[in-house]
Amino acid sequence: MYAYVYDSFVTDKRHERVLSRVETRLTDLGISGRIERLTMFKNIGEIVADAAEQGCETIVAVGNDETIGRLIDAVGSHDMAFGVIPVGDGPHHIAGLLGVEEGVEACNILSRRVLHTVDLGRINGHYFLSSVRIPRTRAAISCNGQYSVIPTEDNEVQVCNLAPMTLSAEGEATISSPRDGFLETVFQPSPRRGFFSGLFRKAEAPAAPTIVPVRKLSVRHTQPVTVIRDGQRLSSSVLDIEILPNRLKVITGKTRKFE
Amino acid sequence: MFKNERDVAVGQETETVIAPSVRVEGDFVSEGNVRIEGMVTGSIATERDLIVGEAAKITANVQARNGTIAGELHGNLRVFDRLELSGTARVYGDIHAKVLSVAPGAVMRGQLVIGMDVQPMVKKEEATEERAAAPARPVRTAREKKIEEILQQ
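Heads up: the protein sequence lines correspond to chains A and B, in order.
Start counting the first sequence at 116; every next residue gets the next number (the working numbering).
Start counting the second sequence at 1241; every next residue gets the next number (the working numbering).
Possibly wrong hints are sitting among the right ones.
[Unchecked claim] Between beta-carbon pairs, the in silico distance windows are: (1) A/S333 <-> B/R1383: 53 to 63 angstroms; (2) A/E172 <-> B/D1334: 55 to 65 angstroms; (3) A/N239 <-> B/T1299: 49 to 59 angstroms; (4) A/S333 <-> B/A1295: 23 to 33 angstroms; (5) A/E357 <-> B/T1299: 27 to 37 angstroms; (6) B/V1347 <-> A/L359: 44 to 54 angstroms; (7) B/A1295 <-> A/N239: 35 to 45 angstroms; (8) A/E268 <-> B/G1350: 26 to 36 angstroms; (9) B/L1352 <-> A/V229: 32 to 42 angstroms; (10) B/A1295 <-> A/S305: 11 to 21 angstroms; (11) B/D1321 <-> A/I150: 56 to 66 angstroms.
[Claimed, not checked] Where chain B lies over chain A, by a calculated footprint (3+ residues, C-beta under 8 angstroms): (12) 217–225; (13) 287–298; (14) 325–336.
Calculated directly from the structure, the hints in this document are not laboratory data.
We treat Cβ as the ideally placed atom computed from N, Cα and C, and that holds for glycine.
My request is simple: use the sequences and hints to build the entire structure.
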């Protein structure tokens, strides 16, 4: 049995036609199911718990990356397969990494049901599939309880499970593997900002990043910082992040960006 | 997001990189290849290859399968297979390696043990535990020694 969770913006008139085609295709393929629409007053955790109680084996996020982020946080503690139908303005980066195309083609991918078990990340008790982005920081990051990585200048830190980590000079993105049991932590030095540098200097090439695969890391800031977890904001001065290997079954397309 | 398939590297093993913008302190352990261009203090152990860049400054005992050193290293170095010291390398510590290649200009100060099988480093705590687990040697008091001497006479 399938459950479809529609984000609130999906019900906008602009997406009516796409949504109607998607629903028709799902019925044709025989995989239509329960539909839940997210509103301000609905708790996504309760929606997922209800679906699990009623025996739903697959839960599908209908929306963009933010929808996926909200749903993953709730699905992480249940044994359900996870699917995506990208609808709306995006961003649809996570769907792209899973090899799921927008609109009706996503229904065919759901129907084929090619499942891959992937790792999930957890930050302060919240699950994430793609990455956590920590803005400019110089705070020491304790890795695996064994060593610390201390930025000597402002660095933007991205903790990746399934996300593009670096771009080569040829513009090739390296994708972190969500099946290796590690969170690839990328420390990218922030570009120096100054009035004169902006006026007179040419655009500098980004400095080389530090990349450290870790299983567990923690950061302590003196003041709360806002981090982005799969498109959602989270504020805290204490960040405890860990990998949960082989935690989630995801439905993927042929063009997925991992093995 | 990705315009074509060539824009994405699929399934590549991630190499650990320590860039000049960070400092690492503590016992750094890795299962993959490691490239160091920044500062590391403590210890480094990897099951694969280690590359130390020209600008790198390491104050640590290092253990790796293969090693290429171009920077500064203060500490003992154990390489199970092949170690290459480039012309800019400065190593202040003992070197154990199966095969060593040294470029002109490299600086080494310490003992060299080359061509033999290299044993992994034993951590301080492990060494202490081993010592504690070993049966204690009986200590004879002066009185017991005297009694033995009398009995022998």
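Problem set entry | A/E357 paired with B/T1299, Cβ distance criterion 27 to 37 angstroms | The hinted range 27 to 37 angstroms holds for A/E357 and B/T1299, with Cβ atoms some 29 angstroms apart.
Problem set entry | CB-CB spacing for B/T1299 and A/N239 relative to the 49 to 59 angstroms hint | violated, 34 angstroms
Exercise. Between A/E268 and B/G1350, does the beta-carbon spacing fit 26 to 36 angstroms?
Worked result: The hinted range 26 to 36 angstroms holds for A/E268 and B/G1350, with Cβ atoms some 33 angstroms apart.
Exercise. In this structure, is the beta-carbon distance linking B/D1321 and A/I150 contained in 56 to 66 angstroms?
Worked result: holds, 59 angstroms
For this session: Using the beta carbons of A/S333 and B/R1383, state whether their distance is inside 53 to 63 angstroms or not.
Result: Holds, since A/S333 and B/R1383 (Cβ atoms, about 58 angstroms apart) stay within the stated range.
Exercise. Are B/L1352 and A/V229 spaced within 32 to 42 angstroms by their CB atoms?
Worked result: Because 55 angstroms falls outside the window, the suggested range is violated.
Exercise. Per the hint of 11 to 21 angstroms, is the separation of the Cβ atoms of B/A1295 and A/S305 within bounds?
Worked result: At 20 angstroms between Cβs, range holds.
For this session: Using the Cβ atoms, figure out if B/V1347 sits within 44 to 54 angstroms of A/L359.
Result: Given range 44 to 54 angstroms: holds, Cβ gap about 47 angstroms.
Exercise. Has the hinted range 35 to 45 angstroms been met by the Cβ atoms of B/A1295 and A/N239?
Worked result: holds, 36 angstroms
Exercise. Do three or more residues from the segment 325–336 of chain A put their C-beta atoms closer than 8 angstroms to C-beta atoms of chain B?
Worked result: The restraint on the segment 325–336 of chain A holds, since 4 of its residues have a Cβ under 8 angstroms from chain B and three suffice.
Problem set entry | chain B over the segment 217–225 of chain A, status - at least 3 residues with CB closer than 8 angstroms | violated (count 0)
Exercise. So does A/E172 sit 55 to 65 angstroms from B/D1334, Cβ to Cβ?
Worked result: About 60 angstroms separates the Cβ atoms of A/E172 and B/D1334, which means 55 to 65 angstroms holds.
Going through the hint list in order, the structure does not satisfy hints 3, 9, 12.
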